[in-house]
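In this note's numbering, the protein residues as written are 99 to 514.
FYI, nobody ran anything at the bench for these hints, they're computed from the structure.
Don't take each hint at face value.
[Stated by the list, open to error] Quick list of simulated restraints, FRET-style, between CB atoms:
hint, residue 1, residue 2, range
1, Q353, G270, 22 to 30 Å
2, E169, E277, 37 to 45 Å
3, K354, Y209, 12 to 20 Å
4, A286, H103, 23 to 31 Å
5, S210, K354, 14 to 22 Å
6, Y104, D365, 19 to 27 Å
7, D185, M131, 16 to 24 Å
8, G220, G359, 23 to 31 Å
9, R324, K453, 46 to 54 Å
10, F416, W334, 33 to 41 Å
[Claimed, not checked] Straight-line distance between alpha carbons at most 25 Å, and here's what the computed SDA-like set of lysine to any residue pairs gives:
hint, residue 1, residue 2
11, K453, T395
12, K404, S162
13, K432, I418
14, K354, S411
15, K267, K223
16, K432, R385
17, K394, S413
18, K195, I206
19, K394, G409
20, K269, R157
21, K432, G408
22, K267, K404
23, K223, I206
24, K236, P203
25, K195, R157
26, K269, Q222
27, K269, W337
28, K391, S480
29, K391, G359
30, K269, T246
31, K195, K267
32, K300, Q312
In this text, all values refer to a predicted model and were calculated from it rather than measured experimentally.
Quick reminder that beta carbons are idealized off the backbone N, C-alpha and C, glycines included.
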Amino acid sequence: MDYSHYPRNDVLCIDMRSFYASVEAVKLGEDPMKVMLAVVGDPSRSGSIVLAASPELKRSYGISNVSRYFELPDDPNIIVVPAHMADYLEMSVEITKLLNNYAPPEAIHVYSVDEVWVTVNGLQKLFGNRRQIAQKIKDDILNTFGLTCSIGIGDNKFLAKVVMDLHAKKKGIAECRYEDVEELLWPAQIGDIWGIGHRMQKNLNRMGIIKLGQLANFNLDVLKRRFGIMGEQLYWHSWGIDLSPVFGDFTKQEQKGFGHGIALLRDYSADEIEYCILDLCEEVCRRARTADKIGKTVQLGIGYSKETGGGFSRSRSFDIPSNITMDIHEMAMKLFNEYYDGRSNIRHVSVTLTKLYEKSDLQLDLFDDKVKKSDVGYVMDSIRDRFGSTAILRASSYTKSGITVDRSKKIGGHYA
Numbered sequence: 099m100d101y102s103h104y105p106r107n108d109v110l111c112i113d114m115r116s117f118y119a120s121v122e123a124v125k126l127g128e129d130p131m132k133v134m135l136a137v138v139g140d141p142s143r144s145g146s147i148v149l150a151a152s153p154e155l156k157r158s159y160g161i162s163n164v165s166r167y168f169e170l171p172d173d174p175n176i177i178v179v180p181a182h183m184a185d186y187l188e189m190s191v192e193i194t195k196l197l198n199n200y201a202p203p204e205a206i207h208v209y210s211v212d213e214v215w216v217t218v219n220g221l222q223k224l225f226g227n228r229r230q231i232a233q234k235i236k237d238d239i240l241n242t243f244g245l246t247c248s249i250g251i252g253d254n255k256f257l258a259k260v261v262m263d264l265h266a267k268k269k270g271i272a273e274c275r276y277e278d279v280e281e282l283l284w285p286a287q288i289g290d291i292w293g294i295g296h297r298m299q300k301n302l303n304r305m306g307i308i309k310l311g312q313l314a315n316f317n318l319d320v321l322k323r324r325f326g327i328m329g330e331q332l333y334w335h336s337w338g339i340d341l342s343p344v345f346g347d348f349t350k351q352e353q354k355g356f357g358h359g360i361a362l363l364r365d366y367s368a369d370e371i372e373y374c375i376l377d378l379c380e381e382v383c384r385r386a387r388t389a390d391k392i393g394k395t396v397q398l399g400i401g402y403s404k405e406t407g408g409g410f411s412r413s414r415s416f417d418i419p420s421n422i423t424m425d426i427h428e429m430a431m432k433l434f435n436e437y438y439d440g441r442s443n444i445r446h447v448s449v450t451l452t453k454l455y456e457k458s459d460l461q462l463d464l465f466d467d468k469v470k471k472s473d474v475g476y477v478m479d480s481i482r483d484r485f486g487s488t489a490i491l492r493a494s495s496y497t498k499s500g501i502t503v504d505r506s507k508k509i510g511g512h513y514a
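Based on the sequences and whatever the hints tell you, model everything.
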């Protein structure tokens, strides 16, 4: 592969090690790398998920972020703490502020609460080469916050991210140039590569593609016919090529849809689910109204309990786009009544509004006063913005089937 035509940047991918658990350890005055600590979503429930485990707990007992509370061993040295999402968000913001000492805002792309890309082109005279900059940032975060991070360095975002996942989590800092792809990345299992999910992994495995090197040497035309543009992207990624921007305003992206979902804490019956769906529709429409968008297609996702498994995801479109809660709810309930199997208990629900248009594109219906209905929604949104998310709610939200009151106490589905 001739890489001379492809851009070379100095990109760092910074990942905070066991972020939630490390923040909790620092709060307790413990060493995040030595203490055995688990952050549990809701310690009052034995089936609650372990959101984060400290490196020592992972090493000693193999606890991971998919483990459950009841799976923690009976060891008095293990510290269990509930999640405090507001603290993690605050710490994430502070870390981003620290990175502004090394690079301008347009060179910082926050990927998640504990992961960020930083482009450090042209900073050699100030801080040294890109590996020296990575070491300075790593030391600065440790000295300032007591937190350890792993840093991948690459010629683009993909290389920085993947070398961080594969090598930096063991070494602390790892680097991958275009010329290093064959040695550092090709031996990896494709399931370990960022951007390849479980379903895609299974599809590739069926084609005899087990490692990234096999993907790189597979016929590109076959990949394009089988997977379309995704197949082409995977092929070029396997050679380390990624043309995504490394500078810009990464907070502004075109909104494709508004969705909201919830994993229910107990089994819901068909009689109860209507109020849950209504609360989800209210949140979806609130976000659409805030953006002055209307949507034409409603998608409903239903997941059943473990005992029965399965579920469905179906969508249907309006003739006239809308952001009115009761319109979306009516369509969602039509989908539910049509596709629900009538037997299974429900444990996951999601509602999504897609095929968006500007609110100004709304066509008036002579037989349905959508303007008044829409105005009611905007008034309710205004009251909530001013006095809090639970300042005005539908009566159904206060029933045992409603979800809004409980979720108002949480951030990202977990207590703040």
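Hint numbers contradicted by this structure: Violated: hints 1, 6, 8, 9, 15, 22 and 25.
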